[in-house]
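K.L.:
The residues making up each chain are set out below.
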Amino acid sequence: MPEENARTRTIAVDMVARVEGEGALRVTVKGETVQDVELRIFEPPRFFEAFLRGRHYEEVPDIVARICGICPVAYQMSAVHAIEQVFGLRVDGAIRDLRRLIYCGEWIESHALHVYMLQAPDFLGYESGLAMAKDQAAVVTRGLRLKKAGNAIMTLLGGRSVHPVSVKVGGFSRVPLRRELGALKDELLWARDAAVETVRWVADFDYPDFALDYHCVALRHPDEYPFNEGQIVASSGLQITVSEFEQHFIEHQVAYSNALHCTLQGSSYLVGPLARLNLNQGHLTPLARQVLADRRIELPLRNPFHGIIARSVEILYALEESLQLIERYEPPPEPALPVVLRPGTGMACTEAPRGILYHRYEVAGDGVIRDVKIVPPTSQNQARIEQDLRLFMPRLLRLPDKEAALGCERVIRCYDPCISCATHFLNLEIRRESA
Amino acid sequence: MSNPDERQRPKLAVVKFASCDGCQLSILNLEEDLLALGRMLDIAYFPEASSDMRPGPYDIALVEGSITTAEDAHRILALRQQAKVLITIGACAMAGGIQSLRNWADVESFKRTVYPSPEYIQSLSTSTPISEHVHVDFELWGCPIDKSQLLRVITDLMVGVQPRLPADSVCLECKRRGNVCVLVAKGLPCLGPVTKTGCGAICPGMGRDCYGCFGPSEGARKGPGLPPNTTSLARHFHGELQLIPIEVMRRFRGINGSVSPFRAESDIWEQKT
Chain A
1 MPEENARTRT IAVDMVARVE GEGALRVTVK GETVQDVELR IFEPPRFFEA FLRGRHYEEV
61 PDIVARICGI CPVAYQMSAV HAIEQVFGLR VDGAIRDLRR LIYCGEWIES HALHVYMLQA
121 PDFLGYESGL AMAKDQAAVV TRGLRLKKAG NAIMTLLGGR SVHPVSVKVG GFSRVPLRRE
181 LGALKDELLW ARDAAVETVR WVADFDYPDF ALDYHCVALR HPDEYPFNEG QIVASSGLQI
241 TVSEFEQHFI EHQVAYSNAL HCTLQGSSYL VGPLARLNLN QGHLTPLARQ VLADRRIELP
301 LRNPFHGIIA RSVEILYALE ESLQLIERYE PPPEPALPVV LRPGTGMACT EAPRGILYHR
361 YEVAGDGVIR DVKIVPPTSQ NQARIEQDLR LFMPRLLRLP DKEAALGCER VIRCYDPCIS
421 CATHFLNLEI RRESA
Chain E
1 MSNPDERQRP KLAVVKFASC DGCQLSILNL EEDLLALGRM LDIAYFPEAS SDMRPGPYDI
61 ALVEGSITTA EDAHRILALR QQAKVLITIG ACAMAGGIQS LRNWADVESF KRTVYPSPEY
121 IQSLSTSTPI SEHVHVDFEL WGCPIDKSQL LRVITDLMVG VQPRLPADSV CLECKRRGNV
181 CVLVAKGLPC LGPVTKTGCG AICPGMGRDC YGCFGPSEGA RKGPGLPPNT TSLARHFHGE
241 LQLIPIEVMR RFRGINGSVS PFRAESDIWE QKT
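Protein chains in written order, with our numbering: chain A, 1 to 435; chain E, 1 to 273.
Since the hints were made in silico from the structure, they are not lab data. It is possible that some hints are incorrect.
Claimed, not checked - For lysine-lysine, the following DSS-like pairs were computed, each having C-alpha atoms within a straight-line distance of at most 30 Å: (1) A:Lys373 / A:Lys402; (2) A:Lys168 / E:Lys186; (3) E:Lys175 / A:Lys168; (4) E:Lys186 / E:Lys272; (5) A:Lys148 / E:Lys175; (6) A:Lys148 / A:Lys168; (7) A:Lys134 / A:Lys373; (8) A:Lys134 / A:Lys148; (9) A:Lys185 / A:Lys168; (10) E:Lys272 / A:Lys168; (11) E:Lys84 / A:Lys134; (12) E:Lys175 / E:Lys186; (13) A:Lys402 / A:Lys30; (14) A:Lys168 / A:Lys373.
To be verified - On the chain E side, residues computed to face chain A include the following (Cβ under 7 Å): (15) Ala18; (16) Gly22; (17) Gly38; (18) Met40; (19) Ala49; (20) Ser50; (21) Thr68; (22) Gln99; (23) Arg102; (24) Thr113; (25) Pro144.
To be verified - Negatives, chain A to chain E, calculated, CB over 10 Å: (26) Glu38; (27) Glu84; (28) Gln85; (29) Leu406.
For every residue, glycine included, the Cβ atom is placed at its ideal position computed from N, Cα and C.
Excised from the complex, chain A in its bound form (with noise of 0.2 Å):
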């Protein structure tokens, strides 16, 4: 029990480093007890489900990439199947092959980035990868040519890595021929090793001993690691269809929170690379589970700091998954199917590098855009971004302020919390007196 005058002690981040976009902590200790925790989203809001009333369909994957740089092809996945909802269009064979590969080049190019780059520096002592690179270069290089033939898979189906082109409502502008593919492999096998070996790295760090019970929440396909299409799957049992996702998450504004959080059941849940790991298990590779297995990793991994394991997990499963994807590949007859338009309301929801990513369009009959709604992942974890903070917070306490806040942002960073992915967070000061 603290004291009735315990010493009341404030550390705080003004600026979390190495995650995407800008967001500030503040925690308030009385004593021994955890008062507030204080994830503060200082990035602007950008209005996009806003401006997207009166926009032409076709227009709306180029427009959502803009949502976050770091996974646009996210935004453009749960976009163009949402429509296509709307429109009774059904993307399947070559095409529907083509949009796993694209995605698998944005999990490995994202997940590359928050290993190597932003994550690793936290286990390994540095301050970046960069300082990283000066006593560890091979390592670094291994990191980042990973994480470029992430962005080459996305350069050749999408024109460019960072907001591609292609994605549009039925399939893509181009598709590339079977050599253009071809032209990968060599690379993507490198890649594949280079997985393995990041795998190996990664469980090898030094863990925290920290196990939580996690609500986990993410996509579940009969036949495969979810990308595009499943149903939504929690660890408690619920198994919904997308179309019943605003029955069952509510995403509520409070006056003393920066941000709209979405509760499942009145409460937080996680989803992300640690959440679909744990919940698709079943589809994992042999080489996969092997490699799992050699470093004595059970799942299902209950510990956010191994999120760094379940996100070098998908970089390889998504290698895998590209170089057979690349194998059977012909290209289809037409690179996009036709579209006829009709009003209607679609819904989708796919797996973003960062977790469940749900989108729904109203469109009118000229194909225009009535009403959208989008619920990106980082907005979903928020809540147990702060839930874990206040349960890893007694450890640190003991620490000085500097070092405490450390820990902190080190807790957040498990998250990959993408803050630009900005369509829900205001721009607020937070006033809270308890949890």
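Position chain E against the provided structure of chain A, taking the given hints into account.
P.N.:
Structure of chain E alone, referenced to chain A:
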């Protein structure tokens, strides 16, 4: 700790305002060149990549994003005082970005659309380019920027050369690459004739119409530094390609919709709707 050598290297800051982070990612996408850049420059402030954040003054500041809050309007003034050379990177910093679509709308209603309690939101009614707030020394267009253009500008500055980037249209790049013209052959409303080159003409290369990521081109018919002929292209969209006025308006009111020639053209066609 930096050794004496490191102290002599130019200090670089990468600073973000309202944006998607894609241009900063283009810096990280330099991959092996990134390590070389890290040796050439002292990366003193780049929160997205490093926890080591040191105060100015800086020799070069790369600025991503547009100004959308009162706080950011102050922050850019303070940064300008700390930066010897200030370079804006990307469509947000240059033209206000896609989020400048709010400039034609009622932001209060935008807030109500996105947030249940709009009164908690602090946001300016406009999204404005950096150059409306402070002097900008050099501009790198693109949504996102092209990483080789970035590298070229930084190396030019380091050896004391005034950087110059091509300002002619995407059309010329298409011709050089031998792309089939999507405007002529497919009848797509391509902005290539009025858009600055720099992306590598990737949209026509991928079989679709350019949508203006690199902003208005210069020169062409009217001469260097002068705006492109958006009037003629807009008339072609309407007359030959049968776009209705609101479609012509949307065409120009996109990624770089707030930059003057595109803005003026979209306003003209809005009046015709």
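K.L.:
With reference to the structure, classify each hint as holding or not holding.
P.N.:
So, going through the hints one by one against the coordinates:
1. A:Lys373 / A:Lys402: violated, 39 Å
2. A:Lys168 / E:Lys186: With Cα atoms ~16 Å apart, lysine 168 of chain A and lysine 186 of chain E stay inside 30 Å; holds.
3. E:Lys175 / A:Lys168: holds, 25 Å
4. E:Lys186 / E:Lys272: holds, 26 Å
5. A:Lys148 / E:Lys175: Given pair lysine 148 of chain A, lysine 175 of chain E holds - Cα atoms ~29 Å apart, limit 30 Å.
6. A:Lys148 / A:Lys168: Distance of about 24 Å is within 30 Å: holds.
7. A:Lys134 / A:Lys373: Violated: lysine 134 of chain A and lysine 373 of chain A sit about 45 Å apart, past 30 Å.
8. A:Lys134 / A:Lys148: holds, 20 Å
9. A:Lys185 / A:Lys168: holds, 26 Å
10. E:Lys272 / A:Lys168: holds, 29 Å
11. E:Lys84 / A:Lys134: holds, 28 Å
12. E:Lys175 / E:Lys186: Satisfied, since the Cα-Cα distance of roughly 16 Å is no more than 30 Å.
13. A:Lys402 / A:Lys30: Measuring from Cα to Cα gives roughly 17 Å; hence the hint holds.
14. A:Lys168 / A:Lys373: holds, 19 Å
15. Ala18: Where the cut-off is 7 Å and the nearest Cβ of chain A is about 5 Å from alanine 18 of chain E, the hint holds.
16. Gly22: holds, 2 Å
17. Gly38: Since the shortest Cβ distance to chain A is 4 Å, the answer is holds.
18. Met40: violated, 12 Å
19. Ala49: Holds, about 6 Å.
20. Ser50: Holds - the Cβ of serine 50 of chain E comes within 7 Å of chain A, reaching about 3 Å at its closest.
21. Thr68: Since the shortest Cβ distance to chain A is 5 Å, the answer is holds.
22. Gln99: holds, 4 Å
23. Arg102: holds, 6 Å
24. Thr113: Since chain A brings a Cβ to about 4 Å from threonine 113 of chain E, closer than 7 Å, the hint holds.
25. Pro144: The hint holds - proline 144 of chain E has a Cβ within 7 Å of chain A, the shortest such distance being about 4 Å.
26. Glu38: holds, 15 Å
27. Glu84: holds, 18 Å
28. Gln85: holds, 22 Å
29. Leu406: Leucine 406 of chain A is in fact no farther than 10 Å from some Cβ atom of chain E, at 8 Å.
Going through the hint list in order, the structure does not satisfy hints 1, 7, 18, 29.
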